[in-house]
Amino acid sequence: MLEARNLRKTFGELRATDDVSLQFGTTDGEMVFIVGPNGAGKTTLVNLLTGLLTPDQGSVVVHQDDGDGSTVEREITGLAPEKRVDAGLVRSFQIVHVFEEMTVRENLRVAVLSERGETLNVLSFDDGHDGVERTVDDLLAQFRLEDVADEVADTLPHGDRKLLDVAMSFGLEPTYLLLDEPTAGVATREKEYVIETIAEASDADDVTTVTIEHDMDIVKSYADRLVVLHEGRVFREGDPSLLETDGELRRVLLGVDE
Amino acid sequence: MFESLPYHALNGVYYGFILFMIAAGLTIVFGVLGVLNLAHGELYAFGAFVAFSIVGYLTGLVAEPTGPVTALIFGAVVLVGSLAAAAVLLPVGATLEAAFVRPIYDRDDVYQLLLTYALLLILTDVMKFVWGAKPLDVGVYDGLNAIPTTELFGIDYPTYNVVVVAVGLVVFGWLVWFFDRTKTGRIVRATAIDREMATAIGVSTDRIFTLVFAMGAFFAGFGGAMVSIGPGSAYLEMGLSPLVLSFVVIVIGGLGSLRGALVGALLVGVTTQVVTPYYSELELAVPFVLMVVVLLVRPEGLYGTWGEIE
Amino acid sequence: MSRARLSAENLPTSVRVVLVVLGLGVLLAVPDLARVTPLSFATIHKGLLFGLAAVGLNLLLRHTELVSFGHVAFFGTGAYGAAVLATYYEVSSGLVLLAGAVLAATAVALVVGYLVAGHLDIYFALLTLAFNQVLFAFVVQSSFFNSTDGLSVRVGVDRPSLLGLDQLLVSAGLDPVQAYNYVLYYLTVAILVVVVLVTWKLVNSPFGRALDAIGQDRTRARFIGIPVERYVWIAFTISGIYGGIAGGLFALLQLHVRPEPVLFAFVSGEILFMAILGGVGTLVGPIVGGVILVYLLDLARFYVTYYHALTGIVLLAVVYFLPEGILGSLPALGAAIERRRRDPGLVRNDVETVVTSVRRSVRRAVTTVRILVFGVN
Amino acid sequence: MTGRPSSSNDTGGIERRDALKLVGGSTLAVALAGCTALIGDESDDSTEDADVPDEPIEAGLQTFTEGAPAVLGLQAQYGAETAVRRINDDGGVAGREIDLDVVNEGDEHIQNYRQFVDEGKDVTFGPISSGGHEAMVPEIEDRGVVNVATDGTVTTLYEESFPDATYSFRFQNHDVMEALAAVNQAVEVLGADSIDTYAGINPNYAFGQDEMALFSSGIEKLTGAEEVYSGFPELGADDMSAHVTEVNGTEPDVVFSSCWGGDATLLLEQAHANGMFDSTDLLVGPVLYGSANDLSADLVDGPIYSGSRNFYWDEPGTDRWTPAADLVSEVQSEYDVVPTAHFMSGYGAVTAWATAAEKAVDVLGRWPEQDEIAAILEGHGFFTPAGYHTIGADHQGYSNAHFGELAWSDEYDAAILENVSVFAPKDVSPPPGTVSGDWIDAW
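Residue numbers (the numbering used here), protein chains in the order written: chain A, 1 to 258; chain B, 1 to 310; chain C, 1 to 377; chain D, 1 to 443.
Check the hints yourself; a few may be wrong.
To be verified - Some chain D residues near chain B, calculated using beta-carbon distances under 10 Å:
id, residue
1, Gly73
2, Tyr229
3, Glu234
4, Asn293
To be verified - Covered, in the sense of this in silico footprint (three residues per stretch, anywhere, with C-beta under 8 Å from a C-beta of chain D), are these stretches of chain B:
id, segment
5, 11-18
6, 83-92
7, 123-134
8, 155-169
9, 199-206
10, 235-243
Worth flagging that the hints you see were computed from the coordinates, not collected in a lab. Ideal placement from N, C-alpha and C gives every residue a C-beta, glycine not left out.
With the rest of the complex left out, here is chain A (with noise of 0.2 Å):
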């Protein structure tokens, strides 16, 4: 479970992130959404728990199995990003990161090798990881480009990118995987192939998922559990439905009395 307690951040005199407690992987490979108007504090909020952002105050927890069945807790509030992608915490952006310069499965590997802790090995070869090469072509079928496995990155369909971003996250084994708006930016009619591919990978490897979505179609279809920022706090949390029902939180959202 990573739970994030008392969470504040202020830039100048506004207040980005404002006393946010919450919990996430409360049940294996949850999805949670994350909604809230522009300047909701969203994007903030996941800089603060994987690490972009170290917060003014409160604490970044993980609950990990200790082996033996019981859990014990580990504050990671300090830990540098790429320490915390060791505590299973793995995100990806809303603009599109991959390395532009590579192919796609060259992308791919480099993200396992990661993973396996294989990257100061200098002795053999990139390419030269049996067990990393299988890894990766089970996520380039998992995340259906096996066609473009070859294509330099910079040269894909904008939804391929995003699955490639997302595939990488899912080649570090993460626990827990961040997404700012993964459907940012994709046509809408690649968006529901784009979360449905994630949405699968997830429920696969029991992996619990954060999403940043403006898509509130998206949202009802996919979430377990549903949390909206407002003006740095959290201002609902729960069942999806509530955006059926809570008419005070379609006026935050729309922005517009109905």
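Use these hints to put chains B, C and D onto chain A, whose structure you have.
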């Protein structure tokens, strides 16, 4: 041993303004075009040589100063000559940009470095061809100092230094005015921040880039002209050390920031001049130590930047 | 690595083998070539050494995409490391001098690398430049390093010994100076081959791929768990070590080390340009670039009055006509020549293209100037 | 070992034979001494029958041909070219003309020398840079092609670093001679009792630091004066006002400056502009006059004395000494400058080698090997229009050192020296085998 400290500080201000004039052009070009122009120092040297010719010709037409009035006339002629010399750099800069730099904007940064380095080498020999291999001194420094300025306040201080500071302030004021108050200036700034958006609203980035490069050359040349009419001479390799110092200045100030360039230049100028007489051995190192310290403490420089960083 | 993809690495294996063998053959034959042609043996040797430093710089440039403007710092540290051992500790073994060079360069690279690893782009470039100049200023001021006069790399007037191999040649009847230079040259070639092989292994290893990742997207690299600063630091240090080896060998070649040629920041720029000139996207391009640029910078003045301009024009030609550097553009060039051999008509098109582009440049320039001067279009 | 040629223009008394004997025995030596006019150019060479190859002598000179140091470097080039011209006009060295290649020395002294040797040069000259010269010496010893350095005047070179050199020589006086000449000049002008304090502004590299150290020990020894300020602006400085300001603040009796080229001009400009000559009684500089052609009337105004190493063109006076007059008019028409000490560096270096080579042919009856020329150069004496020079057994050239007051000449449109003092080598340099520092201490 510190009784001369105010004088050293004053010398530092003068030296700082010289540095500012050179660095201003570099920072504008870098801020807008994103090109680190290694040939900037040669444009500065070019200005110094052109000033040798033009100022030399013009002062040949007027009498050597004998009293305050003739000295003022003399000074005005020298300044006009320096401006004319810098103006020669406008077409030079524009030509270089249009003919050489423009075709490679979309190439990797390192090729722009290689290109401007090639231009540096070629410009050096162009100057060698036109003005010969030896240093040239136009010899108007004495005449400029005949203008009474500091004596009026009872201080014995070269008028030339005062002129440099005044001219430097005017250059700074003009640049701030240009970028803040004129339409062209605002367009240039918009282009610096977002090229695509500027193109989208109908700005010809080609024109802007040429203009900016020509401006950069102009101020480099003007800096060179101001040095040329001072106690120093124009010589072939004179651009190398100011080029490196300009890097330091614009990095300390924040890349692309004019105010930063001014503050950075004054900081480098004053620190160097105050430290030098007491610790000569540090003279070379001071600007770089200053830069390392500033970058380690404030990685984006004192005044941030025009362009975007990741 | 689209850069590499565009260049040498997509040549067929057979062609690559031929090129490697040819390259090695030329390297081994240099002393003989220099004897029968006006080529300067010493200058080519020096060029190879700067090329070696450029290979190191290219490790950063090509993979982590960091531009170092201060690389001669390590070359110079290496050279001075050897000189200090010879001058103050009377070390006469060439290998020990070389080891000293590498140690000194490693130490400096570790410190500088630690401080610059977190910086990017121009800030990285100018920080490395700053450290370079601080080091230069320090050496120039230091009486230990004998200020601008520099240090000798001899014990008394004797050249260092090179494993006794030079003595062997002398007893075989060779002139001692020649024997020393031959042995040193072949030692250089051997080291060069080893370094190139090591680099090839390095850049094709998982670590090399991690460096690529850092270069292409630092944020993403961090978020796949790569400790970016630490890896940049390691790469920087390795790259500095190359510089140190080259500098140490240079000290053995020149036998006297002065600050301006081995520590001044502009020489750092030259090393950078060697890498670009030869081909950033290639493994051995920087060596080719090193030999060519050193040759131009050192010897052009013996043949022409306007030698700066000559060097400048060569560089301009590379920028415009060999966009991937000399070695990097070979495949494209080869393909183009092949096409033209089949269809000579293309050559006329080329000429037209060049003429048009020159004409266009001139017209642009003239228009620009006209607008500037007369304010009208 | 010194002795100036007769400063009388009454040549009628000199027999041709005597003149030949006096200047070294051959018409070549006569031509290079500038005395051809005195004795006619009728050939009397004993080298005529010698077994000498026909092809020209390939010679290389490295000097600063461009940029700031070209102020000195081009003078050396002019000097070398003038000597070569005179040699070739005279029919060459034992009948062999000289082809002189000139190359910019830059920072690549060893490289340049190697390239010259690889190109098959018979002899090389240069450089100007003292550090460059020091770096070259072992290479010269290795390669075994004689190099006569024009300048490269670091004192310790042949004194301590390379006492056993074979092929490497230096024509110009070394640092000790000019720094101590400056000491003597200061004492001569102000009197030892009037010098209580001194200051220095010297270029920040080995040469400037060495000169200042030598001046300090000399002036302290002679006058007991105390150093009040010593500043080292970087070589090729943009600005020296900080140092001038400090001098103004400390008001020393004497200021010493070994600044040269553009630095010398800059120093004088800023010294005047900041009123430095109100704060000090005397500025002495060994190489200020190197910038003779770049100074102006305003700049030389004041109590400024400059050295001119082993040659000042008007000493002996051009009105009394035809060789000097001929040389100046030749240089003026050819190069439009007045010659400075660095002109003689080039001229003398070539002359030293050429006269030695001819002497060798004379002795051997064939063209000499490198080591034979080198052997003859040791202790070799010869004339130039500057007078008599010797190359010592230590491979160092010894000639008179010149010092005088800077003044302006409208006639030549250049700075000149007045009241020139001539210091014999023995007065300003240690006897062979003695280290300078010890020698000064023993004053």
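Results of checking the hints against the structure:
no., hint, verdict
1, Gly73, "9 Å, holds"
2, Tyr229, "8 Å, holds"
3, Glu234, "6 Å, holds"
4, Asn293, "9 Å, holds"
5, 11-18, "holds (count 4)"
6, 83-92, "violated (count 0)"
7, 123-134, "holds (count 3)"
8, 155-169, "holds (count 5)"
9, 199-206, "violated (count 0)"
10, 235-243, "holds (count 6)"
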